[in-house]
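K.L.:
Each protein sequence line maps, in turn, to chains A and B.
If you're matching positions, the first sequence starts at 98 in the working numbering and goes up one per residue.
If you're matching positions, the second sequence starts at -18 in the working numbering and goes up one per residue.
In case anyone wonders, no lab produced these hints; they're calculated from the structure.
Errors might be hidden in some of the hints.
Each pair of labels, with its calculated beta carbon distance range [what the hints assert, rightly or not]: (1) A/PHE237 <-> B/ASP95: 43 to 53 Å; (2) A/ASP162 <-> B/GLU(-11): 28 to 38 Å; (3) B/ILE132 <-> A/TYR204: 19 to 29 Å; (4) A/ALA159 <-> B/ILE132: 27 to 37 Å; (5) B/GLU(-11) <-> A/VAL107: 24 to 34 Å; (6) A/ILE365 <-> B/THR96: 50 to 60 Å; (7) B/TYR25 <-> A/TRP140: 14 to 24 Å; (8) A/GLN380 <-> B/GLY12: 52 to 62 Å; (9) B/GLU126 <-> A/PRO391: 51 to 61 Å; (10) B/GLY12 <-> A/TYR204: 34 to 44 Å; (11) B/GLU126 <-> A/ILE365: 32 to 42 Å; (12) B/CYS107 <-> A/ILE376: 32 to 42 Å; (13) B/PRO68 <-> A/ALA268: 51 to 61 Å; (14) A/LEU271 <-> B/ALA(-9): 42 to 52 Å.
Only pairs whose alpha carbons sit at most 20 Å apart, straight line, appear in this in silico EDC-like list of lysine to aspartate or glutamate [to be verified]: (15) A/LYS167 <-> A/GLU154; (16) A/LYS136 <-> B/GLU63; (17) A/LYS167 <-> B/GLU67; (18) B/LYS(-2) <-> B/GLU85; (19) B/LYS(-10) <-> B/GLU126; (20) A/LYS136 <-> B/GLU67; (21) B/LYS(-10) <-> B/GLU67; (22) A/LYS136 <-> B/ASP19; (23) B/LYS69 <-> B/GLU85; (24) B/LYS69 <-> A/GLU154; (25) B/LYS69 <-> B/ASP56; (26) A/LYS127 <-> B/GLU(-11); (27) B/LYS69 <-> B/GLU126; (28) B/LYS(-10) <-> A/GLU154; (29) B/LYS59 <-> A/ASP125; (30) B/LYS127 <-> B/ASP116; (31) A/LYS136 <-> B/ASP116; (32) A/LYS370 <-> A/GLU264; (33) B/LYS35 <-> A/GLU304; (34) A/LYS370 <-> B/ASP26; (35) B/LYS69 <-> B/ASP116; (36) B/LYS35 <-> A/ASP125; (37) B/LYS35 <-> B/ASP19; (38) A/LYS370 <-> A/GLU302; (39) B/LYS35 <-> A/GLU154; (40) B/LYS(-2) <-> A/GLU154.
Ideal Cβ positions, reconstructed from N, Cα and C, are used throughout, including at glycine.
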Amino acid sequence: MALAIFNILVFPGFLFLSVYALALEYVDRKMYARLQNRKGPPWFQPLADFIKLLGKETIIPADVDKPVFKLLPVFTLAAVTSAFLYVPIWGTNSLFPFEGDLIVVLYLLTIPTLTFFLAGWLSNSLYGAIGSVRTVTQLFSYEVPLFMALLSPAILADTWKISGMAEFYQAHPLYILLNLPAFIVAIIAIQGKLERVPFDSPEAETEIVAGSFVEYSGRLFAIFRMAIAAELVVVASLAGAIFFPVFAANPWLGFLIYLLKTLIIVAILAVFKSIMARIRIDQMVMFCWRYLAPLAILQIIINLLLKGVLPI
Amino acid sequence: MAKRNIIEKAIDWSRRKSPWIIHFNAGACNGCDIEVVDALTPRYDVERFGMLLKGTPRHADVLVCTGAVTLQTRDRLKRIYEQMPEPKFVLAVGTCACSGGIFEDCYCVSGGMDTVVPVSAYIPGCAARPEAILDAVVKLLTSLEKSQKAIDN
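With the rest of the complex left out, here is chain A (with noise of 0.2 Å):
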């Protein structure tokens, strides 16, 4: 029992969640800087700017609902936090892992882009209407292909455990090459779903000035862009876990691979986030549509028919 609240709290719960988001928002922000040419922020960055607005005033609109405004950013982070632990994270094993958990982890990261688009919505401000219309819009394009993308390897490992797959791809390793479509599936969908560079128009700050947190500010906002980060840290993970199957017996080394996992998927973002533009919302859906859905199909079907050829 003991173990289990040390395990939610403390590693590889929300404390180690907390302190690897503001290292991997800064590891993004610096890859970033150093593509454009520029030193970039320093180390502290990140948990510099978390204090700032757990310091400042906290502006709660005159006619939102205030309940449920001041919830939306700790029911985002609660999601995102009970989401990661049911990812591996220093072996094949999850923290309590069960039949079906990639089902329920998925689910629990689509809770976010619930809350934004209610955050914006309730938040009485034009701009934040816009940004919560566009937040659905490009959930309803990008979740159907992360989805198919995520659960085709799934299929050929024949379990809904996160760890299952990844005892699966661990005995077969070559095996993952041919989940390779998925991969580019889920890393251009995790994009959306992140709403990073080439889908940010939910928040184009230059347009729609920040979308669905337009209203939002000092501690509630705080803990939005705590939610964010994390975000990206379980994704991250889940990505790693499923399409790197690459584990170790001894937890430190264990640890380091995950590590390094993360740090590969993080890259490859911050890559993509300083070589792209924006693309406009009906560009993205129709991109999503017209060439994503299809691709993570074709790997469905493709690893449908595998099954019944490969020796497994």
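Given chain A, work out where chain B should sit, using these hints.
P.N.:
Same frame as chain A, now just chain B:
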């Protein structure tokens, strides 16, 4: 003066290290705005000081304001300033923002930035150079550090 605890010191430190800015044109000829935008390019790299350009006043700490305040924008400027959460600072960029410049005593101009909102730092120049803007920000943060240290001692 009571000794401040470590949390208050940490908050002071973080305020010096992470000034997020919002840019507002109160009636400038666009010369200073171009220079502000120039200061935000990768060449000058304001993210070294933790500065980020924010679109909404709710997220910003520093209001970077250009131009003499016209009667049209006076109420808007006041409203933008009031929408920013405490603590907040105002930078007056350019001679017009400092004093009204050549628009002083014009029939449609209220004057410099300090006729409407309290100003923390003045950056003269027509137009103010990006180096001058960065210098002003760093001086503002240094003076903040000095006053915070003075409270401690």
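K.L.:
In ascending order, which of the hints set out earlier in this document are inconsistent with the structure?
P.N.:
3, 8, 10, 16, 18, 20, 23, 26, 29 and 32
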